[in-house]
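What follows is each chain in one-letter form.
Number of protein chains: 2
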Amino acid sequence: MRAKIMPALLGAAMLIATSAQAAATPEDKAAAALLAGPKFAKAQASLKGDYERIIQDIITLTEIEAPPFKETARGKAYMAMLKAEGLTDVEMDEVGNVMGLRKGTGGGPLIVVTAHLDTVFPEGTNVKVRREGNGLYAPGIGDDTSSLPVQLAFIRAMNRAGYTTKADILFMGNVGEEGPGDLRGTRYLFSKGKYKDRIKSFISFEPGQPGRITNAGTGSRRYKVTFNGPGGHSMGDFGIVSPAFAMGNAIVAFGKLKAPAEPKTVYNVGIVEGGTSVNSIPFSTAMTIDMRSNGKAELDAEEKAFLSLLPGAVAEENAARSTAKGKISYEAKLVGDRPVGSTPMDARIIKVAGAVARASGFDPKYGAGSTDSNIPMSLGIEAVTLASGFETFRAHSLEEGMKMNSPEDLRNMGVGLATVLALAEAR
Amino acid sequence: MRAKIMPALLGAAMLIATSAQAAATPEDKAAAALLAGPKFAKAQASLKGDYERIIQDIITLTEIEAPPFKETARGKAYMAMLKAEGLTDVEMDEVGNVMGLRKGTGGGPLIVVTAHLDTVFPEGTNVKVRREGNGLYAPGIGDDTSSLPVQLAFIRAMNRAGYTTKADILFMGNVGEEGPGDLRGTRYLFSKGKYKDRIKSFISFEPGQPGRITNAGTGSRRYKVTFNGPGGHSMGDFGIVSPAFAMGNAIVAFGKLKAPAEPKTVYNVGIVEGGTSVNSIPFSTAMTIDMRSNGKAELDAEEKAFLSLLPGAVAEENAARSTAKGKISYEAKLVGDRPVGSTPMDARIIKVAGAVARASGFDPKYGAGSTDSNIPMSLGIEAVTLASGFETFRAHSLEEGMKMNSPEDLRNMGVGLATVLALAEAR
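Chains as they are written, first to last, in the working numbering: chain E, 707 to 1133; chain A, 707 to 1133.
Check before you lean on any hint, since a few could be wrong.
Pairs involving identical chains hold if they fit within one copy or between any two copies, as the list cannot separate such chains.
[To be verified] Below, computed lysine-lysine pairings styled on DSSO-like, alpha-carbon distance capped at 30 Å: (1) K1057 to K902; (2) K930 to K1031; (3) K1031 to K1071; (4) K1033 to K970; (5) K930 to K962; (6) K898 to K776; (7) K930 to K754; (8) K900 to K1071.
Hints were generated in silico from the structure; no laboratory data involved.
All chains should be modelled from the sequences, with the hints used to inform the complete structure.
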């Protein structure tokens, strides 16, 4: 998950359902009816009875490393869990997504409900979970490992409550959501996956504030720009061009770009690297940069501006020092490309998610993020990213963690479950 | 070796010894006598017979990685080779220098003859030697790996020719000559090593032009400058200051410094690093830079100019973006400090080296470098850095290589060997 979402600090007042006063639309009425029904009470009781099991599954999965491109071990473990819940057609696809079907009553659409398997942490990171008071700490535990067992609890709750749905629901743990993964799991699902032509709606679960509905996908373009030159000896070859100076020119020029505030558009030099020793003129330096925007035109314009400044930065260095041993050249490699997209406010998934949030006592907050939902959004398939339940913190840092506050957690999970049920036309 | 030395292109005319006409000093006469003696002919024959073995040893040692601070594996291999030549007191000292004594006839001084074990290349660099025509290619093969087996060939030549010397000769492979090593091997030898109070003369062998006598030590100051800032999320925190942009400003300003041509003064950005992920504003970036001069005053002035540009580079970034979450600060840490030094022209080692060069048909070229000799020079102990024999090229680059031109190579090696013999008062 790439959009910063503050942990919910819920007052007791918010725990009072306000469904009655907001029940204005057909979706609001349906949501209120669903939440008030006897089956949903059973489903909530199932979640409550499963609380310790959910925590245990989070610990189990967190302690199976899942670095970018290396999610297989965790994927296999999660696939076994999906199978144990009685799903059919359980499988791992070519890129490592794991999934299984909870079949509907027939003739309905296919809905994907997913959380991502991968974390940002490299192989060898200590992922042993530490418990301290009501906190659990380990890299990746919140984003997005905590969402995976919640999905399993949804399946059990649906089964125990005796829900049938019109839609087929594909429960999934997908690969490649984080940085370098570049949404490759969802990309595959929608471009080559066997269900690609059947998916009507898409929900991805991530940690987040209850009531948050991510209905827009921030687009991003990421480049690794490598500057190459002849390299040489700092004393003997002094005076020849250096990729370090060319990169310096590019960084300074990049830092002067003006980015529109609305739609929000940003840029960043994330990583700089290069050179072999203090007394060698580098033969290569590189920078990895990020550009993002909530507007497609603005992202395209920013990308164009960035790519246009590179030749000048390099030419300036080639003019400033000797090119007798070779010139500076550069290569800009696209290393990330997340499409801009959004789900319109009148899409059914938005109306249903908003109605369930309101019926559960939350004021829906719509916003943009950079998640697996970007892919279906960019393809015109309705999609949202919703909060899975737990309060988490310090995502992407070694101090990542989550809180165990069972009443709030269970209430938040109930919102997610109800949204899935409403969307799938459960009975 | 830090001074670039052009490979010799020797015309046939230069192959005619001109010792007779130049035999003006006692050292010239002694050199001419030594080169004309029957033992030296045997020594040269030994070098010639060893040529293929020298090449093989160069390949063997080159293919044992020796990154800065990680010379142990190569050091052990070279120590075994020193032992195999029959040296006594063969050992590895506390910092990793390996050495052995060829004892003199008694009552003589101690002379150190050394080449350095370390290369500039980091662990994991492909050091497999590639042969192409009469060229051998691999990172580090020239500087200074090619010198190590030449020293072994010297010992064998002395033994086979039946030379005894008045001086004890300590043959050595030393650590830490390159960049970050900051001459730590020689520093240790002269400050804590067991022979520290006995060393009268010091010769270090490096690749170089025959006739080249490095009798002055280029001084250097090296800094690792770290730029620190609040860091944050590339989207959520866009607009805050970034250490990457501050470093960009510093690199560009550094690249605009004017350095005097005489005494030669240079600067270099050797390594840039920083950032954790493409979508995080770095909390830290760093650059490691090199400044050198053959003049103490010029080096001091350059250092002052460099340190003076840093506050401006940081202030520019603090003015360009928001400091609401914290300002950019920087720390400039001195990571290398090589003393400027020289061996006076009337020192015996200079007179002997010059005489042998002349007697061998070369016009001695005196000059400055930044080598292990800087340390004894700065302590007032006579020292030179001499060419070990092979023509090498592209030192410190991944295209580093050496030529195999056996007549020239053997002649050049003979100059080094004769210098050692003359200095050690061989009979």
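For each hint, the structure was consulted:
| no. | hint | in the structure |
| --- | --- | --- |
| 1 | K1057 to K902 | within (24 Å within a copy, 84 Å between copies) |
| 2 | K930 to K1031 | both (25 Å within a copy, 27 Å between copies) |
| 3 | K1031 to K1071 | between (58 Å within a copy, 25 Å between copies) |
| 4 | K1033 to K970 | between (38 Å within a copy, 23 Å between copies) |
| 5 | K930 to K962 | both (19 Å within a copy, 26 Å between copies) |
| 6 | K898 to K776 | within (20 Å within a copy, 48 Å between copies) |
| 7 | K930 to K754 | neither (46 Å within a copy, 51 Å between copies) |
| 8 | K900 to K1071 | neither (33 Å within a copy, 74 Å between copies) |
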